Amino acid sequence: MYGAIAANKRNTIFIMAAFIGLISAIGYLVSLYMGNTSITYWVIGGAVIYALIQYFAASKLAVMATGAHEIQKKDNPRLYRIVENLSITIGIPMPKVYVIDDPAPNAFATGRNPKHAVVAATTGLMDIMEDRELEAVMAHEMGHVQNYDIRVSMIAFGLVSAIGILSDMAMHMLFFGDNRDRNINPAIMIVGIILIILAPIMAALIQMAISRQREYLADATGAMTTRDSEGLASALGKLKNASRPMKRQSTSTAHLFFNNPLKSGTIATLFSTHPPLDERIKRLQKSAEKF
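Here the working numbering is used: position 245 in the sequence shown is 245, and no number is missing along the way.
Just so you know, not all the hints are guaranteed correct.
As the list claims (entries may be wrong) - Label pairs and their computed distance ranges (CB to CB):
#	residue 1	residue 2	range
1	Asp75	Lys238	20 to 30 Å
2	Pro93	Gln285	29 to 39 Å
3	Lys238	Pro77	21 to 31 Å
4	Lys115	Gly67	17 to 27 Å
Unchecked claim - Using 25 Å as the maximum straight-line C-alpha spacing, the simulated BS3-like pairs for lysine-lysine come out as follows:
#	residue 1	residue 2
5	Lys286	Lys263
6	Lys282	Lys247
7	Lys238	Lys282
Everything labelled a hint here was simulated from the structure, so no lab data went into it.
Source: prediction; values computed, not measured.
Idealized CB from N, CA, C, for every residue including glycine.
Throw the hints in and build the complete structure from the sequences for me.
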């Protein structure tokens with residue numbers, strides 16, 4: 001279990017480095033086009049600033065996009081007390097608790113750090129889960145908070161957006177800019193066009209890889225918190241039969257959820273941000289004897 005957690009953390013660092021590499025490559029191509037290599041640093045700096053803006057605003061946008069509303073203990077004592085007990089067990093500040101009025105069973109966590117964290121569950125999740133299973137799911141979400149996965153997700157989201165904007169700008173410069181006075185190697189132009197077209201796709205794939213790694217890590221962390229990996233495996237097993245798309249869907253927030261919230265068969269699910277339920281269950285069952 002601890003080895004898997006360490007491996008996932010290492011993999012995430014490598015994946016985040018790939019983001020910086022993509023942004024640097026686009027910046028370098030733009031600098032070649034403009035004839036000024038210092039532009040690369042401005043591009044990287046601008047992308048980082050944009051990602052930071054997204055980082056601070058994304059959690060509020062995610063809550064708005066899902067239609068979640070904040071609750072207090074009197075509004076839903078069952079959910080609130082589970083989150084409260086988990087925060088005491090883990091030793092982190094009590095996050096804000098939200099509920100989403102949606103029959104699709106799901107949950108998510110967001111925020112930039114444990115002091116500014118949000119956890120949410122759908123009414124559908126609370127309807128089908130027993131207390132043991134609901135606690136396991138929320139322990140998974142609290143694991144995202146504990147491991148700072150919420151921070152990684154926000155930064156990744158911001159960098160994906162930045163790469164998309166940079167690619168659009170670079171493509172516009174190459175096709176609609178004034179190239180008459182620029183001596184550009186045709187080979188560099190071809191490579192640049194290919195990279196600019198593929199960069200957003202590559203960035204999205206990197207974001208998905210990050211999300212899948214963090215889901216495995218949160219499963220392991222949640223199981224360690226409750227000492228009940230079978231409870232989480234049971235909850236995932238119920239999702240295999242009861243899973244359904246959420247009423248308010250967005251590919252930009254799909255990676256935040258406990259289970260893929262998107263409609264089955266869409267292009268987005270072909271590049272899922274979530275590992276297969278069967279694989280998650282298999283890993284949890286394999287570690288059950290350790291608890």
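Each hint tested on the structure:
{"no.": "1", "hint": "Asp75 to Lys238: 20 to 30 Å", "in the structure": "holds (24 Å)"}
{"no.": "2", "hint": "Pro93 to Gln285: 29 to 39 Å", "in the structure": "holds (32 Å)"}
{"no.": "3", "hint": "Lys238 to Pro77: 21 to 31 Å", "in the structure": "holds (22 Å)"}
{"no.": "4", "hint": "Lys115 to Gly67: 17 to 27 Å", "in the structure": "holds (25 Å)"}
{"no.": "5", "hint": "Lys286 to Lys263", "in the structure": "violated (30 Å)"}
{"no.": "6", "hint": "Lys282 to Lys247", "in the structure": "violated (29 Å)"}
{"no.": "7", "hint": "Lys238 to Lys282", "in the structure": "holds (14 Å)"}
Violated hints for the displayed structure, listed by number in ascending order: 5 and 6.
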